[in-house]
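Residues per chain, in single letters:
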Amino acid sequence: MPLSVFRGGIHPPDKKELSSEKPIAETTPPARVVIPFSQHLGAPCKPVITIDQEVKKGEMIGEPTGFVSSPVHASVSGKVLAIGEFLNAMGRMVLSAVIENDGKEEWTILQDHPDYMNLPSEAMKEKIKNAGIVGMGGAAFPTVVKLSPPKEKPIDTVILNGAECEPYLTGDYRLMLEKPSEVIEGLRILMKVLGVQKGYIGIEDNKPEAVTTLKKAAAGESSVEVCSLPTKYPQGAEKMLIKTITGREVPPRALPMDVRVVVQNIGTAFAVFEAVRYGKPLIERVVTVTGEGIREPKNLLTKIGTLVSHLIDECGGLKDDNLKVISGGPMMGFAISSLDVPVTKGTSGIVAMPEGEIVHAEDFGPCIRCGRCIEICPMGLMPSMLSIYAEKGLYGGAKEYGLFDCFECGSCAFVCPSKRPIVQLVRLAKSQVKP
Amino acid sequence: MKPFIVSVSPHIKSEETTGRIMWSVSASLLPAAVMGAYFFGPRGVITVSLCILTAVLSEYLYQKALKKEITINDGSAFLTGLLLGLNLPPSAPFYIPVIGSFVAIIITKQLFGGLGYNVFNPALIGRAFLIISFPKLMTIWSEPTAAFVMMDAKTGATPLGILKEEGYARLIEVFGDQMNLYSQLLVGYRAGSIGETSVIALLIGAAFLMYKKYITWHIPFSYLATTAVIAWIFGGKGAFFTGDPLLHLMSGGMVLGAFFMATDYVTSPSLKSGQILFGIGCGFLTMLIRLKGGYPEGVMFAILIMNCFAPLIDRGFKTTFFGAQKK
Chain A
1 MPLSVFRGGI HPPDKKELSS EKPIAETTPP ARVVIPFSQH LGAPCKPVIT IDQEVKKGEM
61 IGEPTGFVSS PVHASVSGKV LAIGEFLNAM GRMVLSAVIE NDGKEEWTIL QDHPDYMNLP
121 SEAMKEKIKN AGIVGMGGAA FPTVVKLSPP KEKPIDTVIL NGAECEPYLT GDYRLMLEKP
181 SEVIEGLRIL MKVLGVQKGY IGIEDNKPEA VTTLKKAAAG ESSVEVCSLP TKYPQGAEKM
241 LIKTITGREV PPRALPMDVR VVVQNIGTAF AVFEAVRYGK PLIERVVTVT GEGIREPKNL
301 LTKIGTLVSH LIDECGGLKD DNLKVISGGP MMGFAISSLD VPVTKGTSGI VAMPEGEIVH
361 AEDFGPCIRC GRCIEICPMG LMPSMLSIYA EKGLYGGAKE YGLFDCFECG SCAFVCPSKR
421 PIVQLVRLAK SQVKP
Chain B
1001 MKPFIVSVSP HIKSEETTGR IMWSVSASLL PAAVMGAYFF GPRGVITVSL CILTAVLSEY
1061 LYQKALKKEI TINDGSAFLT GLLLGLNLPP SAPFYIPVIG SFVAIIITKQ LFGGLGYNVF
1121 NPALIGRAFL IISFPKLMTI WSEPTAAFVM MDAKTGATPL GILKEEGYAR LIEVFGDQMN
1181 LYSQLLVGYR AGSIGETSVI ALLIGAAFLM YKKYITWHIP FSYLATTAVI AWIFGGKGAF
1241 FTGDPLLHLM SGGMVLGAFF MATDYVTSPS LKSGQILFGI GCGFLTMLIR LKGGYPEGVM
1301 FAILIMNCFA PLIDRGFKTT FFGAQKK
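Each protein sequence line maps, in turn, to chains A and B. Residue numbers for the first sequence follow the numbering used here, so the first one is 1 and each next one is one higher. Residue numbers for the second sequence follow the numbering used here, so the first one is 1001 and each next one is one higher.
The set of hints was computed from the structure by calculation and includes no laboratory data. Some clues are possibly wrong.
Claimed, not checked - Distance condition first, Cα-Cα at most 35 Å in a straight line; then the derived DSBU-like pairs of lysine-lysine:
#1 A:K153 to B:K1212
#2 A:K419 to B:K1064
#3 A:K129 to A:K419
#4 A:K419 to B:K1272
#5 A:K79 to A:K151
#6 A:K399 to A:K434
#7 A:K104 to A:K79
#8 A:K419 to A:K399
#9 A:K419 to B:K1212
#10 B:K1213 to A:K392
Construct the complete structure from the given sequences, taking the supplied hints into account.
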């Protein structure tokens, strides 16, 4: 099948070697966890616990409050210490529960279902929904919503996103190497739920070992195809991935389901497998803790609600000259102001950067119209014009230049020789006009 | 512990900077500048130096006076001065480069808002201002001496000047034969502006810029191709298809203009498709002026006129959004 690569894109230094050879290790259980009731896109959950209540590991502590919502579960067993507003990685105060870990790791009932593939698809969906699974690549969109397309939008393809195109991050890579058959089972479940005959796993060709491992694991499965994709950021963006693998282009402002595709992340597929087979809710995930500012980069299997400070201690601490800590990858992640923010379902990595790696935001100049951003914009926009309009407060003008088609991959700001904060200006403009 | 820096993504950026681009373009003009110094001696060197000095100083004083950030380190004022200097006749009195650079930096660039906001190429406006204000001084061309001594060189006419006034046959006669004409043009042993004469030196610089991807083929090649085609069809005397495209490509400010002036980011279209149209327009206007206009050379005015159209061209050639229905 011919690959049709998307236009534009960039090649930032990938820095994956810092952590790519570190097998997934379990984090030392933290003394307490802070679990936000909103870790996903959509309506926050409603707490169903009270202070001082004893909860078990895997027990639901927040129930969904709408179709686009997702339950959250306790990631440790122990006593609920507090329910209140806590800082999250995005810098917002969100309602969260603090649970003291009693160290007993006492589970609610887990049920092995070896015959899981013969479950009716509705039952599978129910398990995925109850497990609180959301997209684990960063956006944290409730998975069950993606698995419930309206009738008039038939789906014929499921793609697992193993591109992991963000520099530094290696969690999905490790998962593909260490749990290949579970990942493929996850994909098969997703395909069954959607009634789809064709599943792809897209992996950038800078991870040949992952390609080989998954190809081997998928050897008997004619319906699953492992694709080696050209390494180019943002290959892992849904629309780019769909274009490269199927040749289909998602129209402006439409969704993957409009071109009959559902895309899920590698970590999500693994979580789906665990949910459907064992009924295990999403209470832990792989977090890559890395960057030049970290003494000992690692891939850590981490309980949701673990504070970033705990993960950093686990990795030998920050180096002295460290200046910036990012939740997520360096292209689209959030810089955090405090290490006392919890890991959530969407936290793919923690990247610490020392002075040498940082470009200070205030040092930017005027647009010299070199056109580099236009050349590389994967969405075919003119980021230079977006930034100029936004800078001048002409947000309506920015809209005409496709403001709302921009998904803020940051490629433009990466290549800009004037170091203009294009993504920041785009976000400003988006906040000022209606789509 | 120091507080963390919090800023919007992306948190990594490429190593390319505006300063590095500007200084690289300046460096790419080094071969042409060296040839200019070789052919036109100390006068050439002083003229170019005065241009650069005035340009950088004007920018500094303007920004100082208006309490703006001093940006002379970004290399753009240096580059403007250098380009203007290379575009001046070597025999002009020394107040000419000073006035030209002042006009380029203050009027054309800073009064329009500084780097990135000027409509016209500053160096070319500086030169146009001089040509209109000092038409005599700006059209006295000294013959190259290739002897690095301060002396009053013989004055002569540029190849395009001879072509315009006395015709093609006379031009060949002056240079001996056609091959000799081409080789002299290639090396740059001819009367002309300080940095425009040596085609080979300019091409070395242009190759460097293209290798570094600081410029692409779109503007220079569409410009040169259009020039060549028009020169071939309409450049001959009496009959169509008898013109000499090579002569037109290698004389005047064509190579300097096509690779180093028309490609100025700020004053040319940002989109590749628009850049091709821009180049075609430059070529058309250059040849219109050379063949039908009052001046023997048309590169400067052609690029300046097309500068006006750059924003319009960008507007007309909007990009196609990902997923949009292709018409």
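Against the structure, the hints:
no. : hint              : verdict
1   : A:K153 to B:K1212 : violated (47 Å)
2   : A:K419 to B:K1064 : holds (23 Å)
3   : A:K129 to A:K419  : violated (43 Å)
4   : A:K419 to B:K1272 : holds (22 Å)
5   : A:K79 to A:K151   : violated (44 Å)
6   : A:K399 to A:K434  : holds (9 Å)
7   : A:K104 to A:K79   : holds (12 Å)
8   : A:K419 to A:K399  : holds (22 Å)
9   : A:K419 to B:K1212 : holds (19 Å)
10  : B:K1213 to A:K392 : holds (30 Å)
Checked against the numbered hints listed earlier, the structure breaks hints 1, 3, 5; every other hint is satisfied.
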